[in-house]
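Chemist: Chain by chain, the residues run as shown.
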Amino acid sequence: MKKNGVKMIKINSKNVDVYYGKKQALFNINLDIEENQVTALIGPSGCGKSTFLRCLNRMNDVIDICRVKGQIIINDFDINDKSCDVVRLREKIGMVFQKPNPFPKTIYENISYGPTIHGMAQSKNEMDEIVETSLKKAALWEEVKDRLHEPGTGLSGGQQQRLCIARAISVKPEVILMDEPCSALDPIATAQIEELIDELKKDHTIIIVTHSMAQAARVSQNTGFFHLGELIEHGSTDKIFKNPENKKTQDYITGRFG
Amino acid sequence: MNLILFIFIVLLGFTSYYFGRRKAYTIQSTNKRLTALPQFYGYYLAIWCAIPAFIIFSLWAIFEPTIVKLLILSDYSNQGYLDDELNLIYEKTKALSRGQFTGEITPFIEASAEKYLSLRSIAQSSKAVIVLSIIIASVAYAYKKISSNSRTREPVEKFLKAVLFTASLAAILTTVGIVFSLIFQTIDFFKVIPLFDFVFGTHWYPAKAFVRDSSEALDPTMYSDTFGAVPIFAGTFFIAFIAMCVAIPIGLMSGIYLAEYASVKVRQYAKPLIEILAGIPTVVYGFFAALTVGPFLKEIGNSMGLDVSAESALAAGGVMGIMIIPFISSLSDDVITSVPQSLRDGSYAMGATKSETIKKVIFPAALPGIVGSILLGVSRAIGETMIVVMASGLAANLTLNPLESTSTITAQIVVILIGDQAFGDPKTQAAFALGMSLFLVTLCLNIVALRVVKKYREKYE
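Just so you know, the sequences run in chain order Z and F. If you count the first sequence from 1, position 35 lands on 35 in the working numbering, and the numbers rise without skipping. Counting the second sequence from 1 gives a position; the working numbering is that position plus 1000.
These are calculated hints, taken from the structure and not from any lab test. One should not assume that every hint holds.
[As the list claims (entries may be wrong)] Within a straight-line C-alpha distance of at most 30 Å, the following computed DSBU-like cross-link-like pairs (lysine-lysine) qualify:
(1) F:K1359 <-> F:K1265
(2) Z:K137 <-> F:K1092
(3) Z:K23 <-> Z:K172
(4) F:K1144 <-> F:K1271
(5) Z:K99 <-> F:K1360
(6) Z:K23 <-> Z:K247
(7) Z:K136 <-> F:K1069
(8) Z:K124 <-> F:K1354
(9) F:K1023 <-> F:K1158
(10) Z:K201 <-> Z:K14
(11) F:K1354 <-> Z:K137
(12) Z:K92 <-> F:K1359
(13) F:K1145 <-> Z:K82
(14) Z:K69 <-> F:K1454
(15) Z:K145 <-> F:K1092
(16) F:K1455 <-> Z:K124
(17) F:K1454 <-> Z:K23
(18) F:K1455 <-> Z:K82
(19) F:K1360 <-> Z:K23
(20) Z:K172 <-> F:K1359
(21) Z:K145 <-> F:K1454
(22) F:K1271 <-> Z:K22
(23) F:K1354 <-> Z:K22
(24) Z:K22 <-> Z:K69
(25) F:K1354 <-> Z:K172
(26) Z:K172 <-> F:K1360
(27) F:K1092 <-> F:K1069
(28) Z:K124 <-> F:K1158
(29) Z:K22 <-> F:K1265
(30) Z:K137 <-> F:K1271
(31) F:K1359 <-> Z:K145
(32) F:K1455 <-> Z:K99
(33) F:K1032 <-> Z:K82
(34) F:K1359 <-> Z:K124
(35) Z:K99 <-> F:K1032
(36) F:K1455 <-> Z:K69
(37) Z:K92 <-> F:K1360
(38) F:K1354 <-> Z:K99
Modelling step: build the complete structure from the supplied sequences, incorporating the hints.
Modeler: Given below as structure tokens:
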């Protein structure tokens, strides 16, 4: 989305290096993410695109041996700075994982989890409303409104993934990170999620890691191509797919490797 | 003799395995495709060796003594002996043949003993001959039968299945056997002591039953107010309760620490160290409780002006709790570790802290396993004997004061069965009744545990 013709940059990463123990996984990544757009990260397996995604909400903290260097600036604030509160950061930056991972709780509790830990609802009514809007935004409300108090794990794979998306948007994040959200789903569920992504970009900035180039072309406005830990090329999806500058990008897009 | 025969049969089994495999290789070398791998042919022959041997051995074990006895006693028939006397003669004969007879040796018995020995040796050698010839015949038959297209894999697999089935059957039959051995004595016990008195009586004093001379006639009224099991049931649950009060919080918290907070290095050393607690024999815990903890509590209590018995429920229960810590800690650590990482990631990504994640996501997901580990701990506590015998005394007080001495079901069984026992006496049978009730209690506990686990499984998976 352009405001007065100027692109709004939501996330600005500068010279990001990531190490797993002694092995360097990402080399000097400089990537700007535009606000209220879908940015797709593509590249062959092990190229570091998921690692980069996990830098953006500091999920790499969970991995003991992982070290991140460089600056990632969101809202004029470097999230790698010591003063950054990870709990607040993750409230602003939601994440959806490769495999649907609903909590072993009811559908309602799955959604109310985030708002509860961030103290976002003062009353039961407010919470009910948050749950309803989140499920509606995730296009799941009609399917589950009569069984909110049944376990979330009883849903189908596609429904579980939409539940996870609803869970992520329940705390009204500014950014949603999606790590191959459709790789465990069938084509119909995938189509539903893609439609949803398009809908969500009105309110959220979305970054999606995907193995499917068709999916990247369908859902994203911007694309970044990673290879062996380096960001080879990034730009508008149109340009990357139709007229890539780099030979490697072209080879990958046309299916010559990866 | 039997041992040599057995070793010989085992060697024969190996030989037939070798021959079976060799035949398979021979068939293979003529460029014919086998229906199974060569070793299956070997196993097939070995089974043809094992099954006949097993059948003959068991038949022999069943029938040999009966037949020998019949032959020996046929000499004494028509002489007007009673059945009991005949049995006695046979026992004497056997004892004499083993050289263990101490009474007066009559010529009759001596002759019988000689006959017994010769019969036994005939039986042994004929057994050896029959077993070996049948085995060789069956192996030879099977060896001739196997060819390139004979089925060997299926019978071998079936045989393995049968062996495994027998093994599990043995475990189940043992349980059934134990229950039956308890049931009959228990029924006899309740013929003398009314069930009502046992279940609701509040006075347990089996020593009263010791006083009776076994030659005196049984007088049920004498036992009223002797076998009231309420105090020892109460004591059992009370001590188990104290033990769980110690074991559940410490075990669970250390389990959570190990699984979620401890670094790989700490965990590597801490977990085995905690598990060492499980390897300490309970008798060692027993004297730790009796000689260290008990007097220590007494001293502290006395200094505070409390009347503390040196043998107290608190000492026994507390030490028992320490004994149970590793079970709960280790099991809950395993269960928590097996909660998928994706659930943790999901929670962290929502901005939850570690403790929130543990409390709200991991703990509920791991609950079935944790409940299972706690119930396992409870049944350990209820079945524990040594610590109670040594540290909490043997007097069955009906009390809820942890500073007094109490006794448990297991400790009372020990009291009853130590020293001289008269079978068929209510005093001895009381032990069986107690064992039966203990069995029922743990059975109920296990059923409840399974129910709980199943219920949460349905909910969480």
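Chemist: Would you list, in rising numerical order, the hints stated earlier that this structure does not obey?
Modeler: 2, 3, 4, 7, 13, 14, 15, 17, 18, 19, 28, 30, 33, 35, 36
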